[in-house]
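Engineer: Sequence:
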Amino acid sequence: MNGFKSFLIIANELKDVQLKYSHQILDKLVAAGAKASLVVVDNADTIRQSLSGVEAVIVLGGDGTMLRVSHELAGTDIPVVGVNLGVVGFMTEVIVSEIDHMIRRLMEGEFVLEDRMMLSGSVSFKYESSPEMSDPHDALNDIVLARENSLRLIAVKINVNDKYFDTIEADGIILSTPTGSTSYNLSAGGPIVQPDARLMVMTPISPYSLTSRSVVFGVGDKITLEMIEKRKDSDNIGLVSFDGAHNLKVIPGDIVTITASPNVFKMIRLEESSVYEILKKKIVYKDVDSTANQ
Numbered sequence: 002m003n004g005f006k007s008f009l010i011i012a013n014e015l016k017d018v019q020l021k022y023s024h025q026i027l028d029k030l031v032a033a034g035a036k037a038s039l040v041v042v043d044n045a046d047t048i049r050q051s052l053s054g055v056e057a058v059i060v061l062g063g064d065g066t067m068l069r070v071s072h073e074l075a076g077t078d079i080p081v082v083g084v085n086l087g088v089v090g091f092m093t094e095v096i097v098s099e100i101d102h103m104i105r106r107l108m109e110g111e112f113v114l115e116d117r118m119m120l121s122g123s124v125s126f127k128y129e130s131s132p133e134m135s136d137p138h139d140a141l142n143d144i145v146l147a148r149e150n151s152l153r154l155i156a157v158k159i160n161v162n163d164k165y166f167d168t169i170e171a172d173g174i175i176l177s178t179p180t181g182s183t184s185y186n187l188s189a190g191g192p193i194v195q196p197d198a199r200l201m202v203m204t205p206i207s208p209y210s211l212t213s214r215s216v217v218f219g220v221g222d223k224i225t226l227e228m229i230e231k232r233k234d235s236d237n238i239g240l241v242s243f244d245g246a247h248n249l250k251v252i253p254g255d256i257v258t259i260t261a262s263p264n265v266f267k268m269i270r271l272e273e274s275s276v277y278e279i280l281k282k283k284i285v286y287k288d289v290d291s292t293a294n295q
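Sequential numbering of the sequence shown, starting at 2, is according to our numbering.
Heads up, some of the hints might be wrong.
Unchecked claim - Straight-line alpha carbon distances no greater than 16 Å define the calculated EDC-like cross-link-like pairs of lysine to aspartate or glutamate that follow:
1) K158 x D172
2) K231 x D167
3) K127 x D43
4) K250 x E227
5) K36 x E56
Hints were generated in silico from the structure; no laboratory data involved.
Turn these sequences into a full structure, and let the hints steer you where they fit.
Structural biologist: Below, the structure written as structure tokens:
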């Protein structure tokens, strides 16, 4: 595989204080004969304006930073590698001490590209004076329908491919990609999925049921989630969240439609570690170290 010669560095200023590591990478790339520029993740317009001619993006931050970048790069087909300055870093595989190693491999073509599927979701607002459909939003990790503020459960009717599937009372419902399976889905008791798989995982959040469990759907399935009113004395307001970045309020009768997005997020992998090795490294060993230090 040919190496990259043109880079955009996207930095999270809260993680990379004074852009110390970002400038180090910029200087090293230029010294190696590459073209490189630097922007901060908070400036979405500048990111989009800086993509012309870029062959690869280097992100400095944590998984949250990678999610924000994925939204800006959706549909561009530009691959991304992450330098971890966050806490866990499932999507940011490079650590600071490996920066020189990363630059060499990127420029010499010693990497693999991995397509990560994304979800696309939209909301049909049924009870407004003029019913309308929201713009579709992509999500790399998950789309979540949950209660807004009340401590009461919400009731959600679930259809799959326009056929009734189930009605669940819970704190919410998570629709996760394989990439997102190690995020909120994992916290809610959902399964871990190989990140380059093509499927969707639905996991209820604290369901009021002895039988509600995660369900795996195919990449071609269409899932609809409709809030229904089961109790007249509750506020019945929910929130749909796309990767925690874009939120829409919903009420009973509103319908959230979720499918696989036509866009993918291209990730650059420098090491061929499996998701299970990464899980051990990022969570299992971290928990052991945390317990040992108590």
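Engineer: Against each hint, give a clear statement of whether it holds in the structure.
Structural biologist: Results of checking the hints against the structure:
A C-alpha spacing of about 13 Å is found between K158 and D172, which places the hinted pair at or below 16 Å, so the restraint holds. Of the pairs offered as hints, the one joining K231 and D167 holds, with about 15 Å between alpha carbons and a cut-off of 16 Å not exceeded. At most 16 Å may separate the alpha-carbon atoms for a hinted pair to count; K127 and D43 exceed this at roughly 34 Å. Distance hint between K250 and E227 is fulfilled; the C-alpha atoms sit about 13 Å from each other, no more than 16 Å.
Proposed proximity of K36 and E56 is supported: the alpha carbons are some 10 Å apart, at most 16 Å.
In this structure, only the earlier hint numbered 3 is contradicted, and the remaining ones agree with it.
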